[in-house]
Amino acid sequence: MSEPQDLIPLRPVDLQILLVLANANLHGYGVMKAVREESGGRVGLEVGSLYRVINRLLDSDLIEQVAPAAGSDDPRRKHDYAITELGRATVRAESERLAQVLATARARDLAGRA
Amino acid sequence: MSDLRVPGLTLAAHLLRSATLAYPLAFRRRFASEMQCAFQERCSDAWRDRGSRGLAAAVSRTILDVLRAGLGERLEHRRTAPAPGPHLRPDPPDRVPMFSSTLQDIRFAARLLRKNPGFTLVAVLTLALGIGANTAIFTLVDSLLGRPLPGIEDSDSLFALYTADSGGSPGVSSIVDFRDFEEQLDTVSGVAAYKPRGANVSNGGVTEQLSSMMVTGSYFEVLGVAAVLGRTIGLEDDIEPDGHPVGLISYGLWQRRFAGDPDAVGSELRVNGRAFTIIGVTPRGFRGTWLESGPDLFVPMAMQPTMMPGNGNLLERRGWGGVLVLGRRAEGQSVEAVRAEIETVGAWLRTTFRVAQGRDYQVVSFAEGTMAPQARTMVVQLSALLFIVAGLVLLIACVNVANLLLARAARRTREIAVRQALGAGRRRIVNQLMAESLLLSGLGGVVGIGVGAFLARAVGQLPVGLTMATGIDQRALLFCAGVTLLTGLAFGLVPARRAAQIDVNSRLRDGGQNVSARGGLSSGLVVVQVAISVVLLVTAGLFVRTLANLSRLDLGFDPAVATVGTDPGLQGYSTAETAQFYAAARERLAALPGVQRVSYVNALPGPENDGEDTFSIDGYAPADGNPVALFSLVGPDYFELLRIPIVEGRGLLVTDTEGTQGVVVINQAGADRLEQLTGRPGLGARLSVFGSPWVEVVGVVANSVTSGVADAPRTTLYVPQQQLASTPFASRMTLLVRADGEPATMVEEVRNVVRSIDPALPVFNVGTLETRMASALAQERLTAVAIGAAALLALALALVGLYGILAYTVSRRAAELGVRMALGADASHLVRMVLRQASALVVLGLVFGLAGAAALAGLVEGFLFDVAALDVATYVGVLALMFAVSLAAAWVPARRATSLDPVRALRSE
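Top line first, the protein sequences correspond to chains C and H. Start counting at 1 in the first sequence, then tack on 73, and there's your number in the working numbering. Start counting at 1 in the second sequence, then tack on 397, and there's your number in the working numbering.
Treat the hints as calculated values from the structure; they're not laboratory data. The structure displayed is predicted, hence computed values, not measured ones. Wrong hints could be hidden among the right ones.
[Claimed, not checked] Derived SDA-like pairs: lysine to any residue, alpha-carbon spacing no greater than 20 Å straight-line: (1) C:Lys106 x H:Leu461; (2) H:Lys592 x H:Leu944; (3) C:Lys106 x H:Arg458; (4) H:Lys512 x H:Glu812; (5) C:Lys106 x H:Cys434; (6) C:Lys151 x H:Phe1126; (7) C:Lys106 x H:Gly448; (8) C:Lys106 x C:Val86; (9) C:Lys151 x H:Glu713; (10) H:Lys592 x H:Glu713; (11) C:Lys106 x H:Ala454; (12) C:Lys106 x H:Ser441; (13) C:Lys106 x H:Ala423; (14) C:Lys151 x C:Arg170; (15) C:Lys106 x H:Asp446.
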């Protein structure tokens, strides 16, 4: 079983998706939309790259496949994705790390105010 | 949000499906359908939000992304477990995948090749020619010697049985001996006998002479061949002599004559006038077991009396040696075991039956057994020669490309030096350069396969007397791949290692080229090229001279004669009817306007004219067996028609019939032999042929070509066909007609005369004797052309190489000579230097080349005619040619040297 410490630092796009899924379970396209929205349009993820990341996250046990939410009309939507406990823990660890980095940067007057 | 509202969605879905092929299979299985789903939602949203433009953008972005991501996924070394380690690592994957550097090398190499399209094209084409030629020859040789016949199961466990005897063609066995073997052999799972034979086959009013084969009942079972329609001939069809009029037709015949109609099975076919029932069709491509004939009809061996009319039932005569035998080893039995058992049975046969006394039973490989031993030896030798030639051409091509790469590497030394300074290992540099050469040879190999296939097919079409299965197969492809790889390594390795050995500092400093080393190696390569060209040129020259000699040969007769052959006996004529037929034909032909003379002969000059037998001489007891002669059955007026001079006595007349005194005419070689044996002149001697009563030699004629155009004259006895009119031998004859005007125009008339006597009689040998004699040299012509082409190609490549190195030398010494010229030196000095270098290379190449050609002399000898393998004229000719052509190659660099601008020369580099 891996520890969050083993999995950080995360790629930015990985972190993005984990954050999105921490909010709610989503299916593939849902993740794409959410990522675009949350990044203010700056991170545009296309289908091809998206699933590479999903593949990676699945293999690392950071997310898992779950039954789709009720009310979906598309029969091909077999499952949604949900963040796992390990995923949450890893996001927390990564956030802490980033916070430290940010604090250091601010101390040296390199980053904007909070 | 209905998908149906989005236009082109299905097409887009298909596009996506194709694009996802970029991903590895496992990934596709996992996510392909989900990706489709997400993609469609994406497209819907895009179309709804931004219309068709948005849709187009979405589709294109997605496809590109999928392709990129897919490839990335493939290349990335997949992590099966989270990466271990305490440190924080930067973002790109930490483990540099194993083949990303190779991929980089290949990509770089590809870019380099793309930037020099001229070089790439020349290199790839040269390699393709060399590799293609080798592949083509491999295919041909493999199909001739290795897997000669298609459609036969597991030919490794098959073998052929030869009976070496004192009479009859080498290799044929006795059918009665065969039956004994069949009964007694335990180490075999089956044996079968077969005999190729021409037959008159007619159905639906069309008669033609077809190649057919008599087979024993076990034949198809031993070979493991099943019929595609109906059934094959089995043991039950081979019991009663002449009692099983059934036949199997070939796939080709089935398509040709029956248009593939399934009702062909069960229908009737008249063979030699007798009604046969078709019982089945052989598989497509199956061509029996004798290379020289692809039978269209298979009949039971029991039908021999019908297939060989006039010979009676030979199936119980142990003395008749006329069948070919093959067998299959039983499972677990070795060749030695089979051989031993056959030896045992053979010994029993020899002691039990008088007529089998002198027989030697041999086991040979199946491939060997598919053609006559002399033919096979010739094929083996020719193949060896062709392989050597092709190998040399490939070698030259490799040397050429190696030289080109060396030149390129020399120019890139600065780049390489920089790389090394930046830390690129020597290995890395070698790898990168090797990637270039392997990419080049790979391209050459791919094109080479196409070239090889084309060449193999082209040669397969040519009428060289042997038909074979052609077309590139797995083994040839494997061979081609192997050759390609070796080629790439061969010409890539040396330049690569050379380039990587440069001294970084000095190269960076003087930006100069790895001068002397490259010059030395390149010179060496050019010498090799010149040597190889010389070998090929000498060989080609010898073959061309052979061809010329053969073409100029005096045939001993005038071939401007129309020919039409027929075989009434095969059609069911009695001997009396046959005699009437030929008499009528002679009469009607002679009555045609413009006809000068008419005659006929049983076999036209050529390889089939090999009817040899012994004869005895009255009053002479031979010390070691009766002499052997070639026999020709001829009609009256034969010698006058062919304009063969009658040296002594007379020719054969119409009056020489069965009722009159038996006569024979011999050729000069025969007369000399008789004199040699008996001490008495040939004319007037009395001989016994075919066991007949004594016949008198009434004439001696000049020697003429009988079997092979290049053969030495053999003792030939010309027997009047009319005096053998009541034997079956008198049936198969080719009519000869000499008329005013072109023989070709006469051919149709002769045919019409035959038709007018009997419209159902099939004919063969239709044409003129001229074309027949010309085509007899087809194989020699082909060989000469092939080797000549190879030689010219080699010469061209060698000259290009020579030119290259001379030009390089000039440019290298340009600075030095610029100085000299500025100081007032004469340009002619440089010219002389160029010429000196050229001659040095050429002379060295000539020495090696002539030595090499001499070494090949032994192999080449067998193919030559009237030319010694070490023919001085040819060697001298090649020498002169090489010099002349090399001077031409040296000319341009020399000229360029004289027009050097000293200032520019000094300034450059």
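Hint by hint, here is what the structure shows:
no.	hint	verdict
1	C:Lys106 x H:Leu461	19 Å, holds
2	H:Lys592 x H:Leu944	34 Å, violated
3	C:Lys106 x H:Arg458	15 Å, holds
4	H:Lys512 x H:Glu812	16 Å, holds
5	C:Lys106 x H:Cys434	14 Å, holds
6	C:Lys151 x H:Phe1126	87 Å, violated
7	C:Lys106 x H:Gly448	18 Å, holds
8	C:Lys106 x C:Val86	14 Å, holds
9	C:Lys151 x H:Glu713	82 Å, violated
10	H:Lys592 x H:Glu713	16 Å, holds
11	C:Lys106 x H:Ala454	16 Å, holds
12	C:Lys106 x H:Ser441	13 Å, holds
13	C:Lys106 x H:Ala423	26 Å, violated
14	C:Lys151 x C:Arg170	35 Å, violated
15	C:Lys106 x H:Asp446	13 Å, holds
Hint compliance for this structure: hints 2, 6, 9, 13 and 14 are not met, and every other hint is.
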